[in-house]
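S.K.: Sequence:
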Amino acid sequence: MKFKNGQEAVMSIGDIVPWHWGSRQVPVRKHSRGSSRDISLSSLLDDFFSDFPFDTPTKIKDVSGFQPNIDIKDSPEQLTVFAEVPGMEEKDLDITLNVDSLVLEGTKRTDREEDREGFHYVERRSGSFRRVIPLNFEVDEDKVDAKFKNGVLTIALPKTSKAKSETRKISVKAG
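If you count the sequence shown from 1, position 106 lands on 389 in my numbering, and the numbers rise without skipping.
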């Protein structure tokens, strides 16, 4: 449905459930997004559950706090992990290499006051996090390298010569 001015009307489940009819409020949400690649799972869940009358998974975000986004790049020589940790310093991060996993832990602190008066919307997250990345190869522990620059943690996990030799290309045959 479109309005006369050409803007699209956005309808949600909250528009049809009766327990919302007595307290109509205009939601402040951004409905125009970039490409589908830019939509994160949490924003999709926020949109889906935003009009339910009970606590939903979107409330879990407030409890869990900050979770860094990570990218993992695999090559024959090494596995490289990139973690976005804006607003953090090296001293806030703890990296542990286990036999079969890499563990990233840390605490993101904010300077914001507990008084929320005047805030209309809060997206910045803080708190402790723990990310476990499973490893299915042997790491050359003496050559592991971790760098932190401009809010991005980069961890290079070189593979041992044994792990490199265990990687094989398998050809696919018809029939």
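Everything labelled a hint here was simulated from the structure, so no lab data went into it.
Check the hints yourself; a few may be wrong.
Calculated pairs, DSS-like style, for lysine-lysine (alpha carbon to alpha carbon, straight line, at most 27 angstroms) [stated by the list, open to error]:
| id | residue 1 | residue 2 |
| --- | --- | --- |
| 1 | K356 | K432 |
| 2 | K456 | K374 |
| 3 | K445 | K374 |
| 4 | K426 | K356 |
| 5 | K452 | K374 |
| 6 | K374 | K426 |
| 7 | K374 | K356 |
| 8 | K356 | K430 |
| 9 | K445 | K426 |
| 10 | K452 | K356 |
| 11 | K430 | K452 |
| 12 | K426 | K456 |
S.K.: So which of those numbered hints doesn't the model satisfy?
M.R.: 2, 3, 5, 11 and 12
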